[in-house]
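Here the protein sequences come in this chain order: A and B. Residues 1 to 334 in our numbering are what the first sequence lists, from first letter to last. Residues 335 to 614 in our numbering are what the second sequence lists, from first letter to last.
Treat the hints as calculated values from the structure; they're not laboratory data. C-beta: ideal position from N, C-alpha, C; glycine also. Wrong hints could be hidden among the right ones.
If you anchor each label on the Cβ, the simulated ranges turn out as follows [stated by the list, open to error]:
no.: 1; chain 1: A; residue 1: Val293; chain 2: B; residue 2: Asn384; range: 40 to 50 Å
no.: 2; chain 1: B; residue 1: Glu479; chain 2: A; residue 2: Ala170; range: 30 to 40 Å
no.: 3; chain 1: A; residue 1: Val304; chain 2: B; residue 2: Phe462; range: 32 to 42 Å
no.: 4; chain 1: B; residue 1: Asp481; chain 2: A; residue 2: Ser276; range: 21 to 31 Å
no.: 5; chain 1: B; residue 1: Asn354; chain 2: A; residue 2: Leu112; range: 33 to 43 Å
no.: 6; chain 1: B; residue 1: Pro437; chain 2: A; residue 2: Leu82; range: 43 to 53 Å
no.: 7; chain 1: B; residue 1: Asn354; chain 2: A; residue 2: Leu109; range: 28 to 38 Å
no.: 8; chain 1: B; residue 1: Arg469; chain 2: A; residue 2: Thr156; range: 26 to 36 Å
no.: 9; chain 1: A; residue 1: Ala170; chain 2: B; residue 2: Asp490; range: 31 to 41 Å
The primary structure of each chain is shown beneath.
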Amino acid sequence: MTDKRPARSAAATTLLTVAVITFPMAGNSYHLHMVCLIGINVISATGLNLLTGCAGLVSLGHAAFMGVGAYGVAWFGTHLGLPFYLCLPLGGLLAAGVGMIAGLPSFRLKGLYLAIASLAAQFILSFVFNEWEPVTGGRSGVTLAPAEIAGLRLTTEREMYYLIAVITVAALLFARNLFRTRVGRAFIALRDRDIAAEVLGVDLRRYKLMAFGVSSFYAGVAGGLMAYFFKVVAPGQFGFQLSLFFLAAIVVGGLGTVQGAVLGAIFMTMTPEVLSWVAGPFGPVATGFLAPVREVLFGLLIIVFLIFEPRGLVGIGSRVRSWHPRSWAQRRSR
Amino acid sequence: MPLANPAEAGHGENLLEVDNLCLRFGGLTVLDAVSLRVPAGGITALIGPNGAGKSSLFNAISGCYRPQVGTITFAGREITRLPTSRRAALGVARTFQNIALFPGLTVLDNIKLGSHVHLHTGLLAAGFYLGRARREELRLHTELERDVIDQLGIRDILRVPVATLPYGQQKRVELARALAMGPRLLLLDEPVAGMNRPDRAEMVRLIRNLQQQRGMTVLLVEHDMGVVMDISEQVIVLDFGRVITAGTPAAVREDAAVIAAYLGTEAQQSQHGADEQGPS
Ligand SMILES: Nc1ncnc2c1ncn2[C@@H]1O[C@H](COP(=O)(O)OP(=O)(O)O)[C@@H](O)[C@H]1O
Ligand SMILES: [Mg+2]
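Whole structure, please, built from the sequences with the hints as guidance.
Shown next, in the form of structure tokens:
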């Protein structure tokens, strides 16, 4: 995850920056809506990829931590009257705290057993979202006022877009930087060989908690942004399907890489849209059929990618890039 | 911290002292009242037939196995129950018999992990990667190049994923990672097993040089008696989880019990030119 070609990557960065800034002038409100969702999903997927892809700790409860962030943001804003710029990080921290507690079983459990423990966290938190009415508003959820920065109310998609873009970029840079240092190395070490990591002095518990903390912080911030984006928080938003959605995103995109989370989040956000474009002309029966098909599709994608391309879209991309006619000719002449 | 037996401790001359160590797995006694002394500086060889408990002893010293009875004292401090990761900070480093590199990391990052305990960057500093964190990484890089990478001649493979390396290179990288810990005690579990003769000779020379340059203490497991006699100041013989003898290479070679337990078969094997000792 380091830059090998500084000149090229600087050019790419400039191009990308210009594209991000000018996009709202080109896109209509549907485009903006989708790009905002993609940004939020990129943040959350990056968080899950740090935990599951890099540190090897499988979580089936990621959406629940997004929910904690979303409800947290709403509560801090409505009940404590805190400004948006405090609510969002506090929502992230609240999710990080809950995520670390939910991560405690990882001291004892691994693999499938840990996945089941995280599933328990998902269902417990979903239950809390549904039932703790004074705070979460029960089944109907809570509404919140739009985010406000320096007197500017972020009500439209265009305004939210810039906020989401800035936070997404920051989240990606932060994640990439981790892997330049001992923290990222320790994550991968504990995923690859935890015993050897310990012998090298990596305190496994500390780094597991750290991975859960930082991952749920990402989830919490993404959930908080979602709350400000939809201006309503309801328990149905943060159910198990959404956890599955993010697991599929990182598997499809590529486990353990920053690009993987980005590609996966884009792919997974767009897939249902593309499906409904395709189904649209066939009338309401076809579109009605889509809802249950979606979950099946997520599951199928996970399985297909795990079997055929464990490196995900990132792996496919690097294979396409390394393919050029000469190497093909060489292969044939052998 | 008071030593268990000051008279026996040799007034701090021993870097490592193992006393009456017993390790059992269910009904299987793997280490049976093992006591030994590893003097500071120099190379001590640990020999014994397959299944004697050599790797298990390394595992107990480095904290991977928890012995039921006995004590392990490192640099005058009892570490028997110390968590594994804390022993690295005290200066205990090891390599594994079945190489334990991290396949998800490049060679360079594998080696850098060796320096984990000497670095201070925390989560936030790492994520922002400003000033201190960046300087720490850059300094680490130069130090490792100077002190480890060039000495082991692995500069050309730093960016390579470890899984693609041939066996001998992987052993080198694992040694490099252990050296990056800046250890006081280096435990090497069959460092030249599975290598061909020229590679072996070079590795042995390397271990010797590194030990002398750094003044660290080396405890190594090795099957090749030629190698053992060549580089070690002290030889400890383990058989069925017991220390059957310990002393200078020359003295151990004459010991009847050793010949019976181990050297006889080994001598025959090397006469037949059996170069590769199948690691367990
Ligand atoms: N984790 C373990 N569980 C059960 N038995 C073990 C374990 N580790 C080692 N042993 C047993 O301990 C004995 C000594 O093994 P080991 O220390 O690897 O010997 P050596 O390294 O001298 O060849 C063997 O009988 C082995 O099967
Ligand atoms: Mg062994």
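Hints violated by the structure (numbers, ascending)
1, 4, 8
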